[in-house]
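The primary structure of each chain is shown beneath.
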Amino acid sequence: DTEVTQTPKHLVMGMTNKKSLKCEQHMGHRAMYWYKQKAKKPPELMFVYSYEKLSINESVPSRFSPECPNSSLLNLHLHALQPEDSALYLCASSQVRAGGHEQYFGPGTRLTVT
Amino acid sequence: QKEVEQNSGPLSVPEGAIASLNCTYSDRGSQSFFWYRQYSGKSPELIMFIYSNGDKEDGRFTAQLNKASQYVSLLIRDSQPSDSATYLCAVNAGANSKLTFGKGITLSVRP
Chain A
55 DTEVTQTPKH LVMGMTNKKS LKCEQHMGHR AMYWYKQKAK KPPELMFVYS YEKLSINESV
115 PSRFSPECPN SSLLNLHLHA LQPEDSALYL CASSQVRAGG HEQYFGPGTR LTVT
Chain B
22 QKEVEQNSGP LSVPEGAIAS LNCTYSDRGS QSFFWYRQYS GKSPELIMFI YSNGDKEDGR
82 FTAQLNKASQ YVSLLIRDSQ PSDSATYLCA VNAGANSKLT FGKGITLSVR P
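Protein chains in written order, with our numbering: chain A, 55 to 168; chain B, 22 to 132.
There could be a bad hint or two in this list.
[Stated by the list, open to error] Okay, the calculated beta carbon distance ranges per label pair:
hint : chain 1 : residue 1 : chain 2 : residue 2 : range
1    : B       : Tyr72     : A       : Ser74     : 47 to 57 angstroms
2    : B       : Tyr72     : A       : Val66     : 13 to 23 angstroms
3    : A       : Gly68     : B       : Asp99     : 47 to 57 angstroms
4    : B       : Asn74     : A       : His133    : 39 to 49 angstroms
5    : A       : His133    : B       : Pro132    : 44 to 54 angstroms
Quick caveat, the hints were computed from the structure, so don't treat them as lab data.
Positions of the beta carbon are idealized from the N, C-alpha and C atoms, including for glycine.
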């Protein structure tokens with residue numbers, strides 16, 4: 055089973071709102087990722103957690119705050135977003151292996167900031 | 022700057038033909054290589070991965086890797102209209118699990 059689930063599927067929020075995106079996997083993967091994807095562009099890495107610790111932050115603005123409560127769950131807390139933050143937010147997971155390992159993506163959350 | 026380059030598209034092939042998608046990468050230390058398929062409005066789906074030089078076949082898909090030439094390709098045999106999608110090449114160079122994606126190429130299979 056290579057399933058990563060994400061909730062919600064769609065989210066519309068105002069610039070003063072606080073919301074959270076959630077991601078879950080039950081494949082025993084120990085690396086989890088957040089990506090942002092704009093239309094007709096490839097996914098852009100935001101954060102990587104490895105063994106529940108933040109290992110990569112791609113200079114993401116502090117209005118995005120990741121959290122990894124346990125090895126199966128990954129959250130992305132959103133606060134004071136801008137309209138340009140509207141995008142498809144993708145969660146992925148993988149095994150941890152030097153040299154890389156296959157990453158499996160969830161279905162994504164389509165975020166619209168008004 | 023680590024780069025992954027894909028042919029500019031779009032690519033159009035007739036149904037039943039072989040579609041050939043190409044990708045080059047700049048980092049000689051790259052160790053793992055992936056092809057993702059993405060339908061419009063959906064998330065990327067992993068369809069092939071390859072770690073060693075040579076060919077790897079899975080059904081109608083063949084991934085080819087040539088590390089000396091820093092080149093990875095995806096062949097789709099007997100192309101079907103359902104193969105119409107954007108194909109993303111992705112490369113991982115190190116221990117930090119960071120994928121570098123190409124810009125993607127849109128494939129259209131004509132019935």
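To see whether the hints hold, each was checked on the structure:
{"no.": "1", "hint": "Tyr72/B <-> Ser74/A: 47 to 57 angstroms", "result": "violated (36 angstroms)"}
{"no.": "2", "hint": "Tyr72/B <-> Val66/A: 13 to 23 angstroms", "result": "violated (41 angstroms)"}
{"no.": "3", "hint": "Gly68/A <-> Asp99/B: 47 to 57 angstroms", "result": "holds (49 angstroms)"}
{"no.": "4", "hint": "Asn74/B <-> His133/A: 39 to 49 angstroms", "result": "holds (47 angstroms)"}
{"no.": "5", "hint": "His133/A <-> Pro132/B: 44 to 54 angstroms", "result": "holds (48 angstroms)"}
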